[in-house]
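Model the placement of chain B on the given structure of chain A, informed by the hints.
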Amino acid sequence: MSEAPSDIEALIALMARLPGLGPRSARRAVLHLVKKRGQLLTPLAQAMARVGETARECLRCGNIGAADICEICRSEKRATGEICVVEDVADLWAMERGQAFRGRYHVLGGTLSALDAVGPEDLRIPQLIDRLAEENIREVILALNATVDGQTTAHYIAEQIEGTGIAVTSLAQGVPIGGELDYLDDGTIGAALRARKAF
Amino acid sequence: MATLAVTQLQLSHFRSHRRLSLELGGRPVAVYGPNGAGKTNLIEAVSLLSPGRGLRRASADELSRRPEALGWRIGATVTGPGGLHEIDTRAEAGRPRETRIDGKAMPQVALGRVVRMLWLVPSMDRLWIEGADGRRRFWDRMTMSFDPDHGEAVLAYEKAMRERNRLLKDMVRDPAWYGALEAQMADSGARIVAARQAALQRVMAAQEAAPTDFPISALSALSPEDDPADRSEDLADRLARGRARDMAAGRTLSGPHRADLGAVFTAKGVPAAQCSTGEQKALLISLILANARALAEDTGAAPVLLLDEVAAHLDEGRRAALFDELCALKAQTWMTGTGADLFTDLRDRAERLEVTERGGESVVTRHG
Numbered sequence: 025m026s027e028a029p030s031d032i033e034a035l036i037a038l039m040a041r042l043p044g045l046g047p048r049s050a051r052r053a054v055l056h057l058v059k060k061r062g063q064l065l066t067p068l069a070q071a072m073a074r075v076g077e078t079a080r081e082c083l084r085c086g087n088i089g090a091a092d093i094c095e096i097c098r099s100e101k102r103a104t105g106e107i108c109v110v111e112d113v114a115d116l117w118a119m120e121r122g123q124a125f126r127g128r129y130h131v132l133g134g135t136l137s138a139l140d141a142v143g144p145e146d147l148r149i150p151q152l153i154d155r156l157a158e159e160n161i162r163e164v165i166l167a168l169n170a171t172v173d174g175q176t177t178a179h180y181i182a183e184q185i186e187g188t189g190i191a192v193t194s195l196a197q198g199v200p201i202g203g204e205l206d207y208l209d210d211g212t213i214g215a216a217l218r219a220r221k222a223f
Numbered sequence: 024m025a026t027l028a029v030t031q032l033q034l035s036h037f038r039s040h041r042r043l044s045l046e047l048g049g050r051p052v053a054v055y056g057p058n059g060a061g062k063t064n065l066i067e068a069v070s071l072l073s074p075g076r077g078l079r080r081a082s083a084d085e086l087s088r089r090p091e092a093l094g095w096r097i098g099a100t101v102t103g104p105g106g107l108h109e110i111d112t113r114a115e116a117g118r119p120r121e122t123r124i125d126g127k128a129m130p131q132v133a134l135g136r137v138v139r140m141l142w143l144v145p146s147m148d149r150l151w152i153e154g155a156d157g158r159r160r161f162w163d164r165m166t167m168s169f170d171p172d173h174g175e176a177v178l179a180y181e182k183a184m185r186e187r188n189r190l191l192k193d194m195v196r197d198p199a200w201y202g203a204l205e206a207q208m209a210d211s212g213a214r215i216v217a218a219r220q221a222a223l224q225r226v227m228a229a230q231e232a233a234p235t236d237f238p239i240s241a242l243s244a245l246s247p248e249d250d251p252a253d254r255s256e257d258l259a260d261r262l263a264r265g266r267a268r269d270m271a272a273g274r275t276l277s278g279p280h281r282a283d284l285g286a287v288f289t290a291k292g293v294p295a296a297q298c299s300t301g302e303q304k305a306l307l308i309s310l311i312l313a314n315a316r317a318l319a320e321d322t323g324a325a326p327v328l329l330l331d332e333v334a335a336h337l338d339e340g341r342r343a344a345l346f347d348e349l350c351a352l353k354a355q356t357w358m359t360g361t362g363a364d365l366f367t368d369l370r371d372r373a374e375r376l377e378v379t380e381r382g383g384e385s386v387v388t389r390h391g
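Sequence order for the protein chains is A and B. If you count by our numbering, then the first sequence holds residues 25 to 223, one letter each, in order. If you count by our numbering, then the second sequence holds residues 24 to 391, one letter each, in order.
Simulated from the structure, these hints should not be mistaken for laboratory data. The beta carbon of each residue, even a glycine, is placed where N, CA and C say it ideally should be. One or more of the hints may lead you astray.
What the hints assert, rightly or not - Facing chain A, according to a computed beta carbon distance under 8 angstroms, are these residues of chain B, among others:
| id | residue |
| --- | --- |
| 1 | 172 |
| 2 | 182 |
| 3 | 185 |
| 4 | 190 |
| 5 | 207 |
| 6 | 209 |
Next up, chain B with everything else stripped away, as it sits in the complex:
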């Protein structure tokens, strides 16, 4: 199986990294160093090789190194089943982010066709117990990894919904205008629902298709309790019938923007939200691994994985199992941790980067 990997990475004025140039193979990358040295900044830069605002959901301005605030640049060479691609993404101070692929200016969604990427960060530890927004984002990233066009459908849906919400807030009563927007929402909404459902099925099938040391969960699409609409009804009809209710609320109450992702720990029959913290983390890791296995089967290469501070939360046995599964997947997995000892079990199967801080600047040293 081919490997999808970032084989060259250059950073310029990106957060704590003033200048960095790395050459990498396709092996996992263990990034370690003390707190605040710039480890997560490094994998955040890698996350920006995929569409969106990266693993910290930061604005372009926030990514600029301080105090200079000159803007920033990430350059990368990515090799995979589709060949070699050069990515350049940057933002000058106060300007929006620009992306070039193989020298041509491209919209960010085009990155999804070049680099499939999944990540797990500590802020996701509370994914199952916090609001539905985070779970929906997680689900959409999972979906986009299978179907890069999913991002465009979500953007089109949200744009039409923002327009409709404005009409609702302004108490506009023009049925034709609502009808026109609802037709747009129904069209992109149907694509969103179908793609999300397909991704769920694909990940669930992949969970059961391979032996794993991580717990399996049953995933399902959930609707919010305050959306009593008949779900078999076409979305355009549902939106049309809900206009009065939506106008009273000042926003659209029905549609895929309110869907939620449910997970049940299969072995115990307990919803993920009621599992222990460690079990919740293990469920997430399990889903990421299943997603990666499914992508490897579908596309011929596992996605690039970014696992921030994942090793510290696993006992030694689970950690070794995770490393084994990642190596078997041939996934270029970027992992961070405070100490080199966390990655001992990887032995010579990984590249090791030590990140330290010197004079307000991150310094990356290679150790094998």
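The shape of chain A in the complex, shown without the other chains:
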């Protein structure tokens, strides 16, 4: 016999498919929602329905917004001639939290992976190349993960842009702010040393 009514079991099964949640934590979360029906469950259901209705991918950069063209792409202030290429929308949001970059973004939607059958045509690389001329881009900043797939994708994009006169840069790698050298791995220390700058 099931522990919870089938509707709730179905909700638990759905929640358990979310990143960071397993069957147990999903069960706890659903139980909490049911207990806090007025304060949490109903507003959450309404908010999810609204997001389900309005959320869409920006046709230009791939960001998630409420319109066909997202706020960043619509803003003239963000037309700085710099475009930051990221793997995923979560990376874009992380960059925005830092408030250090005031240009525009381009979300690839993944990285090249022959083993996972993800090729250039599966990513938004052709759209990126089109944008370079359309938006008078002077610099492409590659903010991709320091993994083999991330760096392969970075090399691929750099090769596509080569010869256009557009600068291609990548994020620095090294000591994080507030980081202690003693806790860094040897590779990161090596990268930081190679990228040292005048004090």
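Relative to chain A, chain B alone:
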């Protein structure tokens, strides 16, 4: 000189060992008992305190005690020049292996920075006469003992190569995609070649720097015969020029993944593959000892050594010489053998563990 040693070892549901708790000093450890009692299982557990799949190259699931198959755990305290570290490595049934060092989740490669370890097992007896894979693995372990980051370079290279091989098999003809992967392979490949070469030089120098009763060999890097590429060429260029040939073969034919380790018995001028079985074993022991001496000089402590069934294959004189060299190195060496008499020459210089089997379970008894 400091000693790098496993000073505490706990096993839970690891192969034939249901539960085991040992306290050890830094002395050699003689493990003896009848065939099938669980001696090699014990030193295999120690081998998993270093990166990789251990001395039997087993998957996480294979290490679980049967029939329960609940998963397994190895806990250890390691002391050395870098201080004391607590290692916990385990796998629950059907789950991948997890490793914690001093309570923090770490990737396996981090173990290489805490425990330097070398081993010699009976399956390596045919190392010089079988395929290059085994020799390359032996060479990479030797290299990783000097440069723990070598493992990461190998993983990055292999990942990029697997991707390239997939493109080759699928007959993809996108030069930019190949170029991007080949740039990755060239970068990690250059690090692999340099680290392997440095390790060779270091071991050869250590062989000649100290008197030893074991034969000396001249080591060299070899290329396979079907890789005719100009080796002075940059790897990225070599890979780019070899794309058509590689596509026909469906795999990457050039690069450090195809390198081989050559050894020549110096005193006779004969390649290791043509030496007698006993000489081949002695050459391997000699290399392990030289590697350990070099590490002791470089890091301030000899590595942990695991020598499975090594004593039985040596005559009495050689065996005594091996024990003397190991004790002089101050290396915590775990040795297995079927009888206590094999370790008589160690006298009080070793800890003795007798392993027997009772009701399908290994029982470890300490004798001094």
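Results for each hint:
no.	hint	verdict
1	172	5 angstroms, holds
2	182	4 angstroms, holds
3	185	6 angstroms, holds
4	190	5 angstroms, holds
5	207	6 angstroms, holds
6	209	11 angstroms, violated
Comparing the model with each earlier hint shows a violation of hint 6 alone; every other hint is respected.
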